[in-house]
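Build out the structure end to end from the sequences listed, making use of the hints.
Sequential numbering from 666 applies to the sequence shown in my numbering.
Keep in mind that a hint or two might mislead.
Said to hold, decoys possible - FRET-style restraints, in silico, Cβ to Cβ:
| no. | residue 1 | residue 2 | range |
| --- | --- | --- | --- |
| 1 | P700 | A773 | 20 to 26 Å |
| 2 | Q706 | S900 | 41 to 47 Å |
| 3 | E869 | D707 | 47 to 53 Å |
| 4 | K811 | K737 | 16 to 22 Å |
| 5 | E869 | K702 | 26 to 32 Å |
| 6 | P883 | K828 | 30 to 36 Å |
| 7 | T726 | K845 | 17 to 23 Å |
| 8 | T879 | D805 | 24 to 30 Å |
| 9 | K845 | H699 | 28 to 34 Å |
| 10 | Y695 | E896 | 43 to 49 Å |
| 11 | G798 | Y695 | 28 to 34 Å |
Keep in mind that the hints were calculated from the coordinates and are not lab data. Ideal Cβ positions, reconstructed from N, Cα and C, are used throughout, including at glycine.
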Amino acid sequence: MAKIKDLRFSVPIAVMLPWIFCYSRVKSRYMMKHPEKYSIQDRYDFGMKVIDHIAKHARVTTVVTGREYVPKDETCVFYSNHQGKYDALAILRNMDDIPCAPLWELKAADRMLAHEMAFLVNAVLIDLESMKGKAKGIVDAIEQIKTGGNMLIFPEGKTDPNKGNALGEFQAGCFACSLKTKTTIVPVAIYDSYKAMNGNNIFEHVTTQVHFLTPIRPEEYKDLNKQELCELVKSRIAAKLSEIETAKS
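Here you go:
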């Protein structure tokens, strides 16, 4: 059963209860039972509709830059820093309706609506509690990318809202998703996302930022190993976060 923890996350869901249980959840469950009736795009579009409603009631505005760096005609892997529950929602709803499946922590999929949402966006589940679970999640992600599916990955793994906008350690293993598929990489820098859907202040309006950065093509990283590629992507994200901090001071 889903656990309700943070009011900034649970209250928007509660406000949406009539819509969720009278339409959203019922339709999501129907789609899950009859996947042959809906294309990936159909499911994804409905998932984005649900996300838009959640964002609206969560009193969150997201400033976005770099949409021109989101390729529309090729398979990509998006790597982003990670701060909280709102991260994936903020990124996915600002990709101009291009389907992109997140690599989703198995434990987090137990949250309210998360099970249905994981299906709608074609998420790949990963168990971060065991090495075997991590390996399986990466293999599953690689296979999905090979079939032409875009993937959103958070190399930091678990979130820690207490660290604010600081970067945590990036796990190099997830970069096998790019090295094994030779797909374009789009680094993503998120800022102040930890303020959305975390904590108990439900009245404060929050502004977060999503920055799609210059893509890294396969020919640019073909001679790198996982650790080197990890450091390259992290450095691009770190540079953007530093730029934002400098502009504020």
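Hint-by-hint comparison with the structure:
A hinted range of 20 to 26 Å for the beta carbons of P700 and A773 is consistent with their spacing of about 22 Å. Evaluation of the 41 to 47 Å hint for Q706 and S900 yields a failure: the beta carbon distance comes to about 34 Å. The supplied range of 47 to 53 Å is broken by E869 and D707, whose beta-carbon atoms lie about 36 Å from each other. One distance hint, 16 to 22 Å for the beta-carbon pair K811 and K737, holds here, with the actual separation near 19 Å.
In this structure the hint that E869 and K702 lie 26 to 32 Å apart at CB is violated, the actual value being about 41 Å. The beta-carbon spacing between P883 and K828, approximately 32 Å, falls within the hinted interval of 30 to 36 Å. At about 37 Å, the beta-carbon gap between T726 and K845 misses the expected band of 17 to 23 Å. In this structure, T879 and D805 meet the distance hint of 24 to 30 Å, their C-beta atoms being roughly 28 Å apart.
Taken as a hint, the range 28 to 34 Å holds for the pair K845 and H699, whose Cβ atoms sit roughly 33 Å apart. At about 45 Å, the CB distance of Y695 to E896 agrees with the hint of 43 to 49 Å. Separated by about 30 Å at the C-beta atoms, G798 and Y695 satisfy the suggested range of 28 to 34 Å.
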